[in-house]
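Chains A and B are the protein sequences, given in the same order. Under this note's numbering, think of the first position of the first sequence as 1, with each following residue one higher. Under this note's numbering, think of the first position of the second sequence as 1, with each following residue one higher.
By construction, these hints were calculated from the structure, which means they are not laboratory data. Do not take every clue at face value.
One copy or two, either will do: identical chains are not told apart, so a pair holds if it fits within one copy or between any two.
[Stated by the list, open to error] With a straight-line cut-off of 30 angstroms between C-alpha atoms, the simulated DSS-like cross-links for lysine-lysine are:
#1 Lys60 - Lys142
#2 Lys142 - Lys110
#3 Lys222 - Lys30
#4 Lys211 - Lys142
#5 Lys222 - Lys119
#6 Lys119 - Lys142
#7 Lys198 - Lys222
Since the structure is predicted, the reported quantities are computational estimates derived from the model, not experimental observations.
There are 2 protein chains.
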Amino acid sequence: MFTLIHYPFCPFSRKVRIALSEIGIEAEMKSVEPWNLPVEFRTNINPTGEVPVLFDPIGKYICGHYPIVEFLYETTSCSASIIGTESFDRAEVRRLCDLFDRNFYDNITKLIFIEKIYKPLNGNSASNINTQAIRAATTNLKNYLLYIESLLNNRHWLAGENITMADISAGAQISILDYLGHIPWYAKDLTPNFPELKNWYQRLKSRPSFKSILLDKLPIRKPSSTYANLDF
Amino acid sequence: MFTLIHYPFCPFSRKVRIALSEIGIEAEMKSVEPWNLPVEFRTNINPTGEVPVLFDPIGKYICGHYPIVEFLYETTSCSASIIGTESFDRAEVRRLCDLFDRNFYDNITKLIFIEKIYKPLNGNSASNINTQAIRAATTNLKNYLLYIESLLNNRHWLAGENITMADISAGAQISILDYLGHIPWYAKDLTPNFPELKNWYQRLKSRPSFKSILLDKLPIRKPSSTYANLDF
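Extracted from the complex, chain A is given alone in its bound form:
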């Protein structure tokens, strides 16, 4: 059986957890805090010190969400549906994965994660929180939610008629923000302007692959009221 070394509030770890479940691959979960890993992790496993890392029972480590997900596409026959069956479909899925894994993460999730999870977990007081970073992330978020809504006006899932890694990448990022109450589901200036977004995320988080994600808990903060609620 595979072992996944992951951090529950790392969006890329969540992406792989959801993908494994959607493909139907069982893996033992080993939860770590990336900032508390032993030195040997960098020297023997992943020089970047990052998770997720998938440990294959034959004794090899596959480091990073991109290599892991492509490895799963290549080695599991039942993964075609989540990456697309034709090369141009896969290019569209990968474009959207990259948009969420890199642009969305860099401009939104990373900023909020540092201020609302990393700093409090590492003993920073409220006065050390960079509110400007949070405001910038909140502004950026609206543009991305608008883009998701525009996609969903023409497609049932983000990349087309079927759920793919694009939805999983997006959902992994959004679920972190939703835990922290940063998705404005009930803001007057948002709902009902983003009905497709809400409908899409309801469908996504109702899937069995999301179940373990919705049970994750931070020691410093309870989840928002919408987080584990399927009919929020």
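With chain A held as given, fit chain B onto it using these hints.
This is chain B only, laid out in the frame that chain A set:
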């Protein structure tokens, strides 16, 4: 014939240019400045406003180096050698690509690019240059060069015995820094501590796939003396 929309000093554009040449695919090159693209580029081609974009003659755009490179693996039979013939080999190639495309870029190339290329090209005077960012990038660079050297002590190319996308990703980043004179080939505290790095980069930039890269010129700055010199 494919058309590649690229910016000559974008490392990800260079990665795709080199990959196309190594695989033996001809493409028409359309050079753009990402910060001067018309609004229609975002609405009709790539919402992130980024290059590279590969235009397929059947009328489809493939956006981003990750989707483009994976598309080339899937659709061209002669690409196996640059991605690896076995799943675990490919996982190692992709780990290294990600290390250079994301970690190396975020911590080094991006910082230097903004200060030494983007700002001068956009009318910023020398007093607007963030020297602290350049110093941080220079410090980070030494650690990555050390890592490359350690890999090359055991491998002829970065991912093994053959040239792969790992070398191409690394070379694309390093070539931007080399143009700007930021690779300390002759620094007393570096050479001869990194002989494998220099040998590797000499082999890499002597390949025909690097030829057009070495002809690129910035309007604001001449290349360093080592840039186009194969026996530097």
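Against the structure, the hints:
no.	hint	result
1	Lys60 - Lys142	between (41 angstroms within a copy, 28 angstroms between copies)
2	Lys142 - Lys110	both (16 angstroms within a copy, 25 angstroms between copies)
3	Lys222 - Lys30	within (22 angstroms within a copy, 51 angstroms between copies)
4	Lys211 - Lys142	within (26 angstroms within a copy, 43 angstroms between copies)
5	Lys222 - Lys119	within (16 angstroms within a copy, 43 angstroms between copies)
6	Lys119 - Lys142	both (24 angstroms within a copy, 28 angstroms between copies)
7	Lys198 - Lys222	within (22 angstroms within a copy, 52 angstroms between copies)
In this structure, every one of the numbered hints holds.
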